[in-house]
Amino acid sequence: MTGLWGNFTYGQSQFIKNIKKFKGEFVAHNISLTEEAQFDGEEAYDDFGHFQKPYTIKKIGNHRIAIIGQAFPLHSNR
1 MTGLWGNFTY
11 GQSQFIKNIK
21 KFKGEFVAHN
31 ISLTEEAQFD
41 GEEAYDDFGH
51 FQKPYTIKKI
61 GNHRIAIIGQ
71 AFPLHSNR
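Position 45 of the sequence shown, counting from 1, maps to 45 under the numbering used here, and the rest follow consecutively.
FYI, nobody ran anything at the bench for these hints, they're computed from the structure. Don't take each hint at face value.
Derived EDC-like pairs (lysine to aspartate or glutamate); straight-line CA-CA distance at most 16 Å [claimed, not checked]:
(1) 58 with 35
(2) 20 with 47
(3) 53 with 25
(4) 20 with 42
(5) 53 with 40
(6) 59 with 25
Full structure from sequences and hints, please.
Right under this line is the structure:
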């Protein structure tokens, strides 16, 4: 799953609660932590500041398929 505008309209804390309840993979290459979120103790997924994994790779049969998360661009920083 990746974020759409509706996922972000409830605010940062509700968004994080929803992600933690989700029983799947949330991927989004264009959601970065803001300085404020980092100051509040949120940790980035990687050294590039991504909030979550930017992509995942699934194996289907003998093929490896990359899935890249693309959140709605107007809400790409939290």
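Structure-based check of all given hints:
1. Between residue 58 and residue 35, the direct Cα distance comes to roughly 32 Å. Violation of the 16 Å bound is thereby established for this hinted pair.
2. Between residue 20 and residue 47 the alpha-carbon distance is near 21 Å, which puts this suggested pair outside the 16 Å criterion.
3. The suggested pairing of residue 53 with residue 25 holds, with an alpha-carbon distance near 8 Å, which does not exceed 16 Å.
4. This hinted pair checks out: residue 20 and residue 42 have alpha carbons roughly 13 Å apart, not beyond 16 Å.
5. The straight-line distance between the Cα atoms of residue 53 and residue 40 is roughly 20 Å, outside the 16 Å bound, and the hint therefore fails.
6. Taken as a hint, the residue 59 and residue 25 pair is honoured in the structure, with Cα atoms around 15 Å apart against an allowance of 16 Å.
The structure shown violates the earlier hints numbered 1, 2, 5.
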